[in-house]
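Participant: Protein chains in written order, with the working numbering: chain A, 1 to 247; chain B, 248 to 403.
Take these hints with a grain of salt, some might be off.
Unchecked claim - Using 27 Å as the maximum straight-line C-alpha spacing, the simulated DSS-like pairs for lysine-lysine come out as follows:
#, chain 1, residue 1, chain 2, residue 2
1, B, K286, A, K55
2, B, K348, B, K331
3, B, K348, A, K55
Said to hold, decoys possible - Some chain A residues well away from chain B (every beta-carbon gap over 10 Å; in silico):
#, residue
4, L26
5, S53
6, E68
7, L99
8, A120
9, Y229
To be verified - Pairwise CB distance ranges (calculated):
#, chain 1, residue 1, chain 2, residue 2, range
10, A, H56, B, A332, 34 to 42 Å
11, A, L21, B, F282, 20 to 28 Å
12, A, I79, B, N299, 16 to 24 Å
13, B, I271, A, S153, 37 to 45 Å
14, B, I271, A, P160, 22 to 30 Å
15, A, I79, B, I271, 25 to 33 Å
16, A, D76, B, V308, 26 to 34 Å
17, B, V308, A, L69, 19 to 27 Å
18, A, G200, B, N307, 34 to 42 Å
19, B, I321, A, S65, 23 to 31 Å
20, A, L146, B, I271, 25 to 33 Å
These are calculated hints, taken from the structure and not from any lab test. Predicted model only: the values in this text are computed from it and were never measured. Where a beta carbon is used, it is the ideal one built from N, C-alpha and C, also for glycine.
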Amino acid sequence: MAKESAFNIHPMDQFIIEPILMGENLEWYSFTNQALWMLISLASISFVFIYGSRKHQLVPGRLQSVAELMYFFIRDMIIDIAGQEGLRYFPYIFTLFILILFGNVLGLLPYSFTYTSHIAVTGFLALSVFISVTLIGFLRNGFGFLSLFWISSAPLALRPILLIIEVISYFVRPVSHSIRLAGNMMAGHAVIKVFAGFAGALGLGAIAPIFAITAVYGLEMLVVVIQAYVFTILTCVYLNDALHPGH
Amino acid sequence: MASASNNGAVGMPQLDFSTFPNQIFWLIIFCVILFAIVKLFIIPRMEDIFANRRKIIDGNVAKAEEIRLRVGEIEKQIEEELRKAKAQCDDIMSTSGNNIKEQMSIALEDSKIATSQLIEEAEERLKTLRDGSETAIEKISEDLAAEIINKLSRGK
């Protein structure tokens, strides 16, 4: 599939979606490597959250405390940002968080596939956040939701200009929201792959590239969690805008 | 950018729009299953654990509150006892003080009487002494006068 080059480095190959199991052609229903890793992520989530806390321990064990940490982290985050009313949407936001977090983290495994590096996936998630937040805003506040764009705390002369800026920034939200995540995931993985290509080309003496991979990998472990956090916290911020549009 | 996607691996596979229906199809399935897991298993379990923990913590807090109240009561009792003991002590002190004062005043009275008696006696004795000496002087002077007269008359 890949084109030959001098160093034989194909950093983008890891993102190719290929059908596995059913035939060679990619149909809309084909089971792909991406779907496989979604399944693995589902299994991992079930392992951590269902198997890990199966004993309902009062004093949590290792896995249960990991599960609780994530659960209450998101819960507290929603309360902090969107208030108590935001807790109604906790299941959705929590689903979003673990979907992205597990996708990101599992993507760091060698030979794995990072489904969150695909703009289709993050775009779909960001668009669903955008649409549902807009719907929530209109359903809860009626046309009062539009006061989000009419900044009453600014001087009257500035308000029309701010209106334009606010409207543009509102509609850019899903774009920045999705590209931020996909871009971060793609860039990190591509960089690791590039260094891995160098290491492969240098053979046994590849100390510098391996050191670089280690460093980038450490950085990526951080980025992976932070991006899941950022995606979720932005969702909370948008939700807060929908719940309390009057600032 | 999108033009690069037609040759397979060249460019960004992310921008290969032909894969989008497939990706979104599986993503929707994935999201629905994951949401069901979150809603049916994860949230009830976590809330259950949290509620249990809350219950025990609340129980302990209530117990602590109860003990605190009891401690307050016991403290009050101790204070009461202390107050009583102090009052008793004051009582004893004041009665014994009064006793001592009384006895002192009695003793003082007694000693006053005794000294006044002594003074009287002494004055009595002084008076008698003085009286005695006056009569003695009178007698002596009478004797002396008689003797002087005698001698004068004889000398003539």
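Participant: Going through the numbered hints above, which ones does this structure break? Give me the numbers in ascending order.
Facilitator: 3, 4, 5, 6, 7, 8, 10, 14, 16, 18, 19
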